[in-house]
Amino acid sequence: MLTWLRMHSGTICVLLVVIAVIAAAIAAIVHERRNGNSGCGCGCQNCAMRDSCHEKQDDTK
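Start counting the sequence shown at 12; every next residue gets the next number (our numbering).
Treat the hints with care, as some may be off.
[Unchecked claim] If you anchor each label on the Cβ, the simulated ranges turn out as follows:
| id | residue 1 | residue 2 | range |
| --- | --- | --- | --- |
| 1 | Val28 | Ser63 | 33 to 43 Å |
| 2 | Met12 | Ala59 | 52 to 62 Å |
| 3 | Ile37 | Met12 | 26 to 36 Å |
| 4 | Gln56 | Ala31 | 29 to 39 Å |
No wet-lab data here; the hints were simulated from the structure.
For each residue, glycine too, the CB sits at the ideal point set by N, CA and C.
Taking the hints into account, I'd like the entire structure generated from these sequences.
Right, here's the structure in full:
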């Protein structure tokens, strides 16, 4: 087992780095969504899909 780990240590390290990068990207997306930011980052004023992304807000307040 120890020999196998030594032989594949480079592959294991690269795999761990890739998994960490993917986890960080997913965490950033979730964080942005929870803060109410859109996924595209360009704002909703001129977006064709703005009604399907966000609930309509009552402007009468």
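Hint check results:
no.	hint	in the structure
1	Val28 to Ser63: 33 to 43 Å	holds, 36 Å
2	Met12 to Ala59: 52 to 62 Å	holds, 56 Å
3	Ile37 to Met12: 26 to 36 Å	holds, 31 Å
4	Gln56 to Ala31: 29 to 39 Å	holds, 36 Å
Taken one by one, the earlier hints all hold for this structure without exception.
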